[in-house]
Structure formats: C-alpha cells, structure tokens
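A.B. asks: Residue strings, one per chain:
Protein chains: 2
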Amino acid sequence: MATRLEEAEIAKSLDDLNEIAGDTPWIIKEGKLSKTFKFKSFIRAFGWMSQIAIWAEKLKHHPEWFNVYNTVEVQLVTHDVNGLSELDFQLATKMETFK
Amino acid sequence: MATRLEEAEIAKSLDDLNEIAGDTPWIIKEGKLSKTFKFKSFIRAFGWMSQIAIWAEKLKHHPEWFNVYNTVEVQLVTHDVNGLSELDFQLATKMETFK
Chain G
1 MATRLEEAEI AKSLDDLNEI AGDTPWIIKE GKLSKTFKFK SFIRAFGWMS
51 QIAIWAEKLK HHPEWFNVYN TVEVQLVTHD VNGLSELDFQ LATKMETFK
Chain L
100 MATRLEEAEI AKSLDDLNEI AGDTPWIIKE GKLSKTFKFK SFIRAFGWMS
150 QIAIWAEKLK HHPEWFNVYN TVEVQLVTHD VNGLSELDFQ LATKMETFK
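So the protein sequences, as listed, match chains G and L. For the first sequence, the numbering used here puts the final residue at 99, and the numbers step up evenly by one. For the second sequence, the numbering used here puts the final residue at 198, and the numbers step up evenly by one.
One should not assume that every hint holds.
[What the hints assert, rightly or not] Here are the computed lysine-lysine pairs in the DSS-like style, where the Cα-Cα straight-line distance is at most 30 Å:
1. LYS38(G) with LYS111(L)
2. LYS94(G) with LYS111(L)
3. LYS58(G) with LYS29(G)
4. LYS157(L) with LYS137(L)
5. LYS139(L) with LYS58(G)
6. LYS60(G) with LYS198(L)
7. LYS94(G) with LYS128(L)
Source of the hints: derived by calculation from the structure; they are not laboratory data.
Kindly generate the complete structure, drawing on both the sequences and the hints.
C.D. replies: This is the structure:
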C-alpha cells in the first residue's frame with residue numbers, strides 16, 4: 001500500500017527527479033506530478049509510451065496521459081492516498097530513463 | 100490532401116460510423132469527432148491503442164487521445180482542413196474494428 005508523501009518529502013523527491021529531467025522540469029500542478037514530453041515523431045512518442053505502459057503495469061501504477069502526434073502530457077497522482085506517493089516518483093523516473 | 104467535409108457529408112458519415120459503434124455513439128464535440136472507449140483493463144486499453152497507433156501512422160493521420168487506466172478518450176480532427184475529413188472517419192472506423 002502506498003503512503004501519502006508530506007510536503008517536505010515531495011519537495012525533496014521533486015528535486016531529485018529534476019536532477020535527471022534535463023531542460024524541462026517536472027512540476028506539481030493541481031496536486032499532480034506533471035510534465036509535457038516532446039519527441040521527434042509520433043513513432044518515437046508512442047514507442048516511449050509503449051515502454052512506459054509495461055513499466056506502469058509492472059508497478060501497478062498507471063499514468064494519466066494525453067497524446068497528440070509527437071507530444072505526451074503526463075499527470076501522475078496516487079488516488080488511493082489522495083495525493084502523491086513514492087509510486088508517482090518511481091514512474092516519473094522510468095519516464096525520464098526511457099525518453 | 101484531405102478535403103473538408105460539408106455538414107451533410109458529416110451527418111451521413113457519422114450515421115454510417117455509428118452503425119458499427121455499438122452502444123456508445125460517436126459525437127461531434129467542439130468540431131471534433133469524439134468518443135470515450137472503456138476496456139476491461141489497462142492492458143486491453145493500451146493494447147488497443149498500440150494497434151490504432153500503427154494504423155494512425157499508416158494513414159498519416161493521428162488521434163488526440165487521453166488515457167487513464169482502462170479508459171481512452173478520443174478526439175479526431177483534420178487540422179489541415181480546419182474541420183473533419185474522410186481521414187477522421189477512416190481512423191474512427193479502425194478504432195471500432197479493433198476495439
């Protein structure tokens with residue numbers, strides 16, 4: 001069972017995540033861990049989504065994501081805890097690793 | 100190059116599409132051909148998206164779609180013609196065929 005992260009834990013996890021996030025940082029938007037990814041093509045965008053889909057299923061934690069052509073807008077939240085948990089940061093880290 | 104469909108053509112194409120759409124019809128929402136698909140699981144939802152992604156690339160026409168867990172919200176529009184074209188109905192038909 002996931003645990004709801006406190007403000008200070010979120011700030012620390014967000015800093016760690018953004019160390020590997022490159023030019024475009026993750027932000028907390030309406031309580032959700034959010035980032036828009038841009039790829040070179042639809043094939044690259046959807047190929048990345050396919051890798052992340054398998055990780056999501058493996059982690060038993062799934063993203064909210066919107067895709068149009070080469071763009072993927074991601075929002076992560078843990079509904080079970082009504083906030084953010086370690087799972088959101090784990091999935092975000094996978095997203096950065098495989099982009 | 101796609102051609103912009105007229106109102107009457109859209110109405111006819113929409114009727115034809117909804118003949119195969121089952122219980123949940125496609126609608127035109129804010130000028131876009133729209134439907135929310137529900138699947139039994141994330142694996143089924145994303146598996147379907149993967150099939151459609153390949154069709155989209157083949158048709159050179161890509162959806163706007165939002166996924167969370169077993170739900171996929173689809174919006175189709177042809178930006179080149181600032182409206183709907185035959186391509187939107189072709190892609191929607193693939194979506195119904197493979198769901």
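A.B. asks: Hints first: check each against the structure and report whether it holds.
C.D. replies: Structure-based check of all given hints:
Pair hint LYS38(G) plus LYS111(L) does not hold up; C-alpha atoms about 37 Å apart against a cutoff of 30 Å. Simply put, LYS94(G) and LYS111(L) have alpha-carbon atoms about 45 Å apart, too far for the 30 Å limit, and the pair is violated. Straight-line distance between C-alpha atoms of LYS58(G) and LYS29(G) comes to about 25 Å, which keeps the hinted pair within the 30 Å bound. The straight-line distance between the Cα atoms of LYS157(L) and LYS137(L) is roughly 24 Å, inside the 30 Å bound, and the hint therefore holds.
Distance restraint check for LYS139(L) and LYS58(G): the Cα-Cα separation of roughly 17 Å lies within the 30 Å cut-off, and the hinted pair is therefore satisfied. For the proposed pair LYS60(G) and LYS198(L), the alpha carbon gap of about 23 Å is at most 30 Å, so the pair holds. Distance check on the hinted pair: LYS94(G) and LYS128(L) sit about 35 Å apart at the alpha-carbon level, beyond 30 Å; violated.
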